[in-house]
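Chemist: With the hints as constraints, model all of the structure from the sequences given.
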Amino acid sequence: MKASSRLAAFAATFAAAYAIIYVAAVEQNWALFTYHPATNTFAALTGAAPAGPSMYWYGWMSTAALGAGVIATAVSLLPEGLTRRIWPGLAWTVPLCAMAALAFLLKGYFLR
Amino acid sequence: MWLALLIIHGLLAFLLLGAITHQVVSLWAPPHARRGNIFARFSAVPGAAYVNAIIVLYVVTAIVGGWIYTLYRISARLTLEQGQFWKTFGAFELKEHFIALGLALLPAYWYVWRTEEHTRTRLILTTLLAFIIWWGFIVGHLTNNIRGLAT
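Sequences listed follow chains A and P, in order.
Sequential numbering of the first sequence, starting at 1, is according to the numbering used here.
Sequential numbering of the second sequence, starting at 1001, is according to the numbering used here.
Just to be clear, a hint being listed does not mean it is correct.
Not close to chain P: a few residues of chain A, all C-beta gaps over 12 Å, as computed [what the hints assert, rightly or not]:
{"no.": "1", "residue": "43"}
{"no.": "2", "residue": "44"}
{"no.": "3", "residue": "45"}
{"no.": "4", "residue": "77"}
{"no.": "5", "residue": "78"}
{"no.": "6", "residue": "79"}
{"no.": "7", "residue": "80"}
{"no.": "8", "residue": "81"}
A short, non-exhaustive set of chain A residues, derived as facing chain P with CB atoms under 8 Å [what the hints assert, rightly or not]:
{"no.": "9", "residue": "47"}
{"no.": "10", "residue": "48"}
{"no.": "11", "residue": "55"}
Simulated from the structure, these hints should not be mistaken for laboratory data.
From the three backbone atoms N, C-alpha and C, an ideal C-beta is built for every residue, glycine too.
Modeler: Written out as structure tokens, the structure is:
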């Protein structure tokens, strides 16, 4: 029962925290690393490409996964009385809001 | 190699689309739906049996898609920009973001399908995942129609 409560808290918090950090990472370009496809090279954080474009998407996901993993682990280690209070609906409400926020950020492409 | 990867990505996405559609219809369709018609048979699947397959297919499809994305970035994307296919371009950008967000839903999705509680969360999470997968499939297909990686 205890493990189940912790698992539920971890899963809901991970989904919510990941969504928030991901949107922030996209907006602020907080990439953990950058990939340069033209030269097949990686750079730490948002390092400039020696040639061709830079890809931050993998870095944004890594930033969000790392941050959410730390937050969700910390939350799942809270006393059971607290973890039971975490609303499981966080797992979809926050990601849904994040999807809406990302659509808003990209609205320019659809209004041209 | 890219063409093979693209075909594998498409086939995996097709399997994933079928599995999640079966599961989401089994959740939304009323349990007393008329027996015998094709819709009733389509929805009469044990949704829980699809969970692990959907998770594995989602992750593997995303990994293969993420690999192909490197070539898209230096080839097909330029065609979209030069041809001013802005709506497709924006829809593809959204696809990447939605897929990334969907990856983080998987632990919660797995959890709500292994308990008897949280039926509403299970319904909404599964529907959200189905929306992401359908969006990814349709937008990926449309983008490939404009400028496929093998052309």
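Chemist: Out of the numbered hints, which ones does the structure contradict?
Modeler: Hints 9, 10 contradicted; others consistent.
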